[in-house]
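Protein chains: 4
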Amino acid sequence: MKIGFIGLGRMGSGIAMNLLKAGHDLVVYNRTPGKTKALVSQGARAATDVADACRGDVVITMLADDAAVEGVTFGDKGVLASLRPGAIHISMSTISVALSERLAATHAKAGWRYVAAPVFGRPEAAAAGKLFIVAGGEPDVVEVCTPLLGAIGQSVFRVGAEPQLANLVKLSGNFLTASVIEALGEAMALVGKAGIDRREYLAFLTSTLFAAPVYKTYGGLIAEEHFEPAQFAAPLGFKDIRLAIAAAEGYGVPMPLASLLHDRFVRLLAQGGNELDWSAIGELAAKDAVANFA
Amino acid sequence: MKIGFIGLGRMGSGIAMNLLKAGHDLVVYNRTPGKTKALVSQGARAATDVADACRGDVVITMLADDAAVEGVTFGDKGVLASLRPGAIHISMSTISVALSERLAATHAKAGWRYVAAPVFGRPEAAAAGKLFIVAGGEPDVVEVCTPLLGAIGQSVFRVGAEPQLANLVKLSGNFLTASVIEALGEAMALVGKAGIDRREYLAFLTSTLFAAPVYKTYGGLIAEEHFEPAQFAAPLGFKDIRLAIAAAEGYGVPMPLASLLHDRFVRLLAQGGNELDWSAIGELAAKDAVANFA
Amino acid sequence: MKIGFIGLGRMGSGIAMNLLKAGHDLVVYNRTPGKTKALVSQGARAATDVADACRGDVVITMLADDAAVEGVTFGDKGVLASLRPGAIHISMSTISVALSERLAATHAKAGWRYVAAPVFGRPEAAAAGKLFIVAGGEPDVVEVCTPLLGAIGQSVFRVGAEPQLANLVKLSGNFLTASVIEALGEAMALVGKAGIDRREYLAFLTSTLFAAPVYKTYGGLIAEEHFEPAQFAAPLGFKDIRLAIAAAEGYGVPMPLASLLHDRFVRLLAQGGNELDWSAIGELAAKDAVANFA
Amino acid sequence: MKIGFIGLGRMGSGIAMNLLKAGHDLVVYNRTPGKTKALVSQGARAATDVADACRGDVVITMLADDAAVEGVTFGDKGVLASLRPGAIHISMSTISVALSERLAATHAKAGWRYVAAPVFGRPEAAAAGKLFIVAGGEPDVVEVCTPLLGAIGQSVFRVGAEPQLANLVKLSGNFLTASVIEALGEAMALVGKAGIDRREYLAFLTSTLFAAPVYKTYGGLIAEEHFEPAQFAAPLGFKDIRLAIAAAEGYGVPMPLASLLHDRFVRLLAQGGNELDWSAIGELAAKDAVANFA
Numbered sequence: 001m002k003i004g005f006i007g008l009g010r011m012g013s014g015i016a017m018n019l020l021k022a023g024h025d026l027v028v029y030n031r032t033p034g035k036t037k038a039l040v041s042q043g044a045r046a047a048t049d050v051a052d053a054c055r056g057d058v059v060i061t062m063l064a065d066d067a068a069v070e071g072v073t074f075g076d077k078g079v080l081a082s083l084r085p086g087a088i089h090i091s092m093s094t095i096s097v098a099l100s101e102r103l104a105a106t107h108a109k110a111g112w113r114y115v116a117a118p119v120f121g122r123p124e125a126a127a128a129g130k131l132f133i134v135a136g137g138e139p140d141v142v143e144v145c146t147p148l149l150g151a152i153g154q155s156v157f158r159v160g161a162e163p164q165l166a167n168l169v170k171l172s173g174n175f176l177t178a179s180v181i182e183a184l185g186e187a188m189a190l191v192g193k194a195g196i197d198r199r200e201y202l203a204f205l206t207s208t209l210f211a212a213p214v215y216k217t218y219g220g221l222i223a224e225e226h227f228e229p230a231q232f233a234a235p236l237g238f239k240d241i242r243l244a245i246a247a248a249e250g251y252g253v254p255m256p257l258a259s260l261l262h263d264r265f266v267r268l269l270a271q272g273g274n275e276l277d278w279s280a281i282g283e284l285a286a287k288d289a290v291a292n293f294a
Numbered sequence: 001m002k003i004g005f006i007g008l009g010r011m012g013s014g015i016a017m018n019l020l021k022a023g024h025d026l027v028v029y030n031r032t033p034g035k036t037k038a039l040v041s042q043g044a045r046a047a048t049d050v051a052d053a054c055r056g057d058v059v060i061t062m063l064a065d066d067a068a069v070e071g072v073t074f075g076d077k078g079v080l081a082s083l084r085p086g087a088i089h090i091s092m093s094t095i096s097v098a099l100s101e102r103l104a105a106t107h108a109k110a111g112w113r114y115v116a117a118p119v120f121g122r123p124e125a126a127a128a129g130k131l132f133i134v135a136g137g138e139p140d141v142v143e144v145c146t147p148l149l150g151a152i153g154q155s156v157f158r159v160g161a162e163p164q165l166a167n168l169v170k171l172s173g174n175f176l177t178a179s180v181i182e183a184l185g186e187a188m189a190l191v192g193k194a195g196i197d198r199r200e201y202l203a204f205l206t207s208t209l210f211a212a213p214v215y216k217t218y219g220g221l222i223a224e225e226h227f228e229p230a231q232f233a234a235p236l237g238f239k240d241i242r243l244a245i246a247a248a249e250g251y252g253v254p255m256p257l258a259s260l261l262h263d264r265f266v267r268l269l270a271q272g273g274n275e276l277d278w279s280a281i282g283e284l285a286a287k288d289a290v291a292n293f294a
Numbered sequence: 001m002k003i004g005f006i007g008l009g010r011m012g013s014g015i016a017m018n019l020l021k022a023g024h025d026l027v028v029y030n031r032t033p034g035k036t037k038a039l040v041s042q043g044a045r046a047a048t049d050v051a052d053a054c055r056g057d058v059v060i061t062m063l064a065d066d067a068a069v070e071g072v073t074f075g076d077k078g079v080l081a082s083l084r085p086g087a088i089h090i091s092m093s094t095i096s097v098a099l100s101e102r103l104a105a106t107h108a109k110a111g112w113r114y115v116a117a118p119v120f121g122r123p124e125a126a127a128a129g130k131l132f133i134v135a136g137g138e139p140d141v142v143e144v145c146t147p148l149l150g151a152i153g154q155s156v157f158r159v160g161a162e163p164q165l166a167n168l169v170k171l172s173g174n175f176l177t178a179s180v181i182e183a184l185g186e187a188m189a190l191v192g193k194a195g196i197d198r199r200e201y202l203a204f205l206t207s208t209l210f211a212a213p214v215y216k217t218y219g220g221l222i223a224e225e226h227f228e229p230a231q232f233a234a235p236l237g238f239k240d241i242r243l244a245i246a247a248a249e250g251y252g253v254p255m256p257l258a259s260l261l262h263d264r265f266v267r268l269l270a271q272g273g274n275e276l277d278w279s280a281i282g283e284l285a286a287k288d289a290v291a292n293f294a
Numbered sequence: 001m002k003i004g005f006i007g008l009g010r011m012g013s014g015i016a017m018n019l020l021k022a023g024h025d026l027v028v029y030n031r032t033p034g035k036t037k038a039l040v041s042q043g044a045r046a047a048t049d050v051a052d053a054c055r056g057d058v059v060i061t062m063l064a065d066d067a068a069v070e071g072v073t074f075g076d077k078g079v080l081a082s083l084r085p086g087a088i089h090i091s092m093s094t095i096s097v098a099l100s101e102r103l104a105a106t107h108a109k110a111g112w113r114y115v116a117a118p119v120f121g122r123p124e125a126a127a128a129g130k131l132f133i134v135a136g137g138e139p140d141v142v143e144v145c146t147p148l149l150g151a152i153g154q155s156v157f158r159v160g161a162e163p164q165l166a167n168l169v170k171l172s173g174n175f176l177t178a179s180v181i182e183a184l185g186e187a188m189a190l191v192g193k194a195g196i197d198r199r200e201y202l203a204f205l206t207s208t209l210f211a212a213p214v215y216k217t218y219g220g221l222i223a224e225e226h227f228e229p230a231q232f233a234a235p236l237g238f239k240d241i242r243l244a245i246a247a248a249e250g251y252g253v254p255m256p257l258a259s260l261l262h263d264r265f266v267r268l269l270a271q272g273g274n275e276l277d278w279s280a281i282g283e284l285a286a287k288d289a290v291a292n293f294a
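Order-wise, the sequence lines are chains A, B, C and D. Letter 195 of the first sequence, counting from 1, is numbered 195 in this note's numbering, and no numbers are missing. Letter 182 of the second sequence, counting from 1, is numbered 182 in this note's numbering, and no numbers are missing. Letter 235 of the third sequence, counting from 1, is numbered 235 in this note's numbering, and no numbers are missing. Letter 247 of the fourth sequence, counting from 1, is numbered 247 in this note's numbering, and no numbers are missing.
It should be emphasised that the hints constitute simulated quantities derived from the structure, not laboratory data. Wrong hints could be hidden among the right ones.
Just so you know, same-sequence chains aren't split out, so a pair can sit in one copy or run between any two.
Unchecked claim - Below, in silico cross-link-like pairs of lysine-lysine (DSS-like), each with a Cα-Cα straight-line distance of 30 angstroms or less:
| no. | residue 1 | residue 2 |
| --- | --- | --- |
| 1 | Lys193 | Lys109 |
| 2 | Lys130 | Lys109 |
| 3 | Lys130 | Lys216 |
| 4 | Lys287 | Lys2 |
Kindly generate the complete structure, drawing on both the sequences and the hints.
Quick look at the structure:
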């Protein structure tokens, strides 16, 4: 397929490379132009602007947040104004449910097809084509995208015709991960203050019913207090918890644990943690347990 | 070894049977006598009372709560009054850190040896000899117990000389599990109200970074709203969260997520959930999202 | 002074009438025209549109929320486009800190003067000219408004040159009130379930250190479970808590009690409480204490 | 009446002096003997021991906590063993609902009469005879105590025949006060960080619907960060919140705000605030808003 790819950050670059390897005809675009080099050297073409990336069968956007997606989508030379008849816009960014719903509506009105397909997995998984993908959109449109999604992920969860449900699943996943960070943070603050070795504790836990990557990865970061450099920066984690809460407000679901996480992030950022990994909220319980009230 | 075993509930029976299979000389006791039959038919001897179970090298207690352990330990014919010189009391019950500390002190004063060895795992794991054991006590005493523990579990996490640390690890583990229940409960309330199939959602999650037994087991119960019969009843879950909070007060560690879980259990029990599985707290978020304010 | 007054709801009508009584020359506007009658019969003139209300020395807006204020302020025939040189816009609405900051900036850019002056007090206090006013803006501009504010309130708290600080104080006040509602709700759920008469309990409390209108008013509503008709509807209360949290995010202040209140409102609205008074969140603790888990 | 008075701390001394002034025949006892001097100089007799204070018509106990009350009540020479037929034990201490219930039962069994009469008010109010009293017990017994209670307080709230309900009301009152401290702490952290003067803010608030002693007193302490010396020390505040939560568990009422306060106290004490006034929990929100994550 002829594919335009917009957004070549750590995730986007890996995904685009796998599409290229799978034999697709790729036009790539990034606001900062240097990022296209590696892909061009492998056969991709660098687009001159957003519109130039929208002339194929599919355009994929993989950007940081709502503002970035709005920036490339709307406006005179944006995606909406540039797609060709029959084209599909696949939005892989972790954005709000509300924006995804708005994208679905504006694309439908313009006669374009829209699929939300956010992903679970870190840059290494993107590079390895091992992402987990959640896809929302009209079944026949998602069907058309299947080979393409197959080139970048190891499985696809289809949530149905409403694209924004895919974004909801993604946000709920980040909520679950942050919940693990908080729970491990509190547990390690407790056993650590009692004198138990936090690394041995984690090794034990992850040999039992907690034998999952989410415990190993984040437990390790907390046990080692290893929050720099950030794999996923605290402001991004905060953004996703806020989006989860906004979605929960929209659907009418009170989530007290999400609110607890919200307050942890507000505090972490207020206390100067902007550059830290989001797992640094797992350090706050331990801080509250140390005598320092001067 | 000559072992006395007190407490033949679902966990204790499985553990005792494995000790018997491993060739140990077993004397068993249960307050309700019928429970000794199966073990006696396999070669164990039924003790006439607690004291009668305390004449070997080791006595193991596996009981429901602090009160039960105090009941068999203290008093004229209790464990403390009945052990022989050099004997070891292994306490496998999930009890408070404070009681475990008191047991350590009273046993030391009486000249006995004491090991706290609570376990992770459900009755099937106990029957299969596949428990995960946390052991606290003097290293040489724990060393003596090693073959015995090896007969009932697949691994032993040694936390050091203070027996109560083993109980702390056990309580922290139940806190982590309850945290997963709450997080999944909120996430499923959200995606479920939005129209996503909860079972498919769970199947997807547990194929990703949440691929752990704790998500599969409890996620399944919540997705199916399958809270009866209880595998682990809500009052027991509440007890453990209260003990975790009491321990956290003792060590001086604020745990806001533990407090949230505390309130969930108070509510579940107040609303009539005494007979339900503790995973029923995972249903409360969904209840809060349904119009019923009459 | 020649004053335009936009927004004749229950609060605005009372305020406008007091300005009229104080001898000011009043032009009034309301989206729904019927509301101007009483004021016109007392000597005010009905404006034909928003612009028509902006030709005096001062225009006052008293509207329901951010959207309403944006609606009359921006646009071709809005306040910003219609004020005369030297005119002052006094915004009395309970709006977000962010919008107030934006109003300050846009008015400054247009050459107009802007004062934020939200009020504490209910419709009866507005009618009686007994409101408490918080005023934010350049000191000399606020000084010009003093006689006017004196006609409608019993005191003015001047927060300084940044108008949005006045809005922040207003939002913090509604947060404090909602905190009282929650605290009384929990306390009454407890003593009520124990068998104590809630009205007598409240009468006692408000004779002690809790002798304040906020306890008498809201305690009475909760004790009587008297949530209809709403004096201040739950969606408005929710709006203000959300704005308080948004402001706290902006300034970097974690407010866990505000988050608790947020979750109470999400639940109240999800459960069907849209028409109820915001004090109905004070009923939720009691609901959680009643056996109904079917 | 012939009255024994046990417990001459800051509250007890003031109360005892007022009983003396009202013409009662007083025998006073304190574990630390020096405290009896002032009362003896005004006509009281110093008891030689607890039993010696129990020979009149009434014995009043005013002690720090459950342990102190248990210490003087039970045992060979305690209150229970020393009262005369027909005597009344009035317990004014802030104790647990559970202990009060146990005292009611043990006194009834021994044939004595028991009234729980905890008080609201600080040492100055005790000295001035201006306390607010909550009385629980058989109506005729409380009736007998009326003149006596009238000598020490300005009003009596009678909660009925179950003495422990009086203790419940007292604990709920301290919960409400701590709620105000937390709410003010969060509000002041917010407006303070935004640059508003906290003293002026408080002065404004307490001229509006928050015009109550609880806001003035605690708001002043927080605004001034004046937490030493403690008027009511943090460990005592923590004790009362724990007792409120324990009572709420007993009656089956989830109180999320009480849990939030619980966590605040655990943190304050863990961080070294043992000597501070309990209002110091109102400083924690501000601490969370300051950059210090090193």
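Here is what the structure says about each hint:
Taking identical chains as interchangeable, the C-alpha atoms of lysine 193 and lysine 109 lie at most 30 angstroms apart only when they sit on different chains, with a minimum of 27 angstroms there against 59 angstroms within one chain. For the homomeric pair lysine 130 and lysine 109, neither the shortest alpha-carbon distance inside one copy (34 angstroms) nor that between copies (52 angstroms) is at most 30 angstroms. For a Cα distance limit of 30 angstroms, the shortest separation of lysine 130 from lysine 216 qualifies both inside one copy, at 18 angstroms, and across copies, at 21 angstroms. In this assembly of identical chains, lysine 287 and lysine 2 lie within 30 angstroms of each other by CA distance neither inside one copy nor across copies; the values are 52 angstroms within and 48 angstroms between.
The structure fails to meet hints 2, 4 from the earlier list, while all remaining hints are met.
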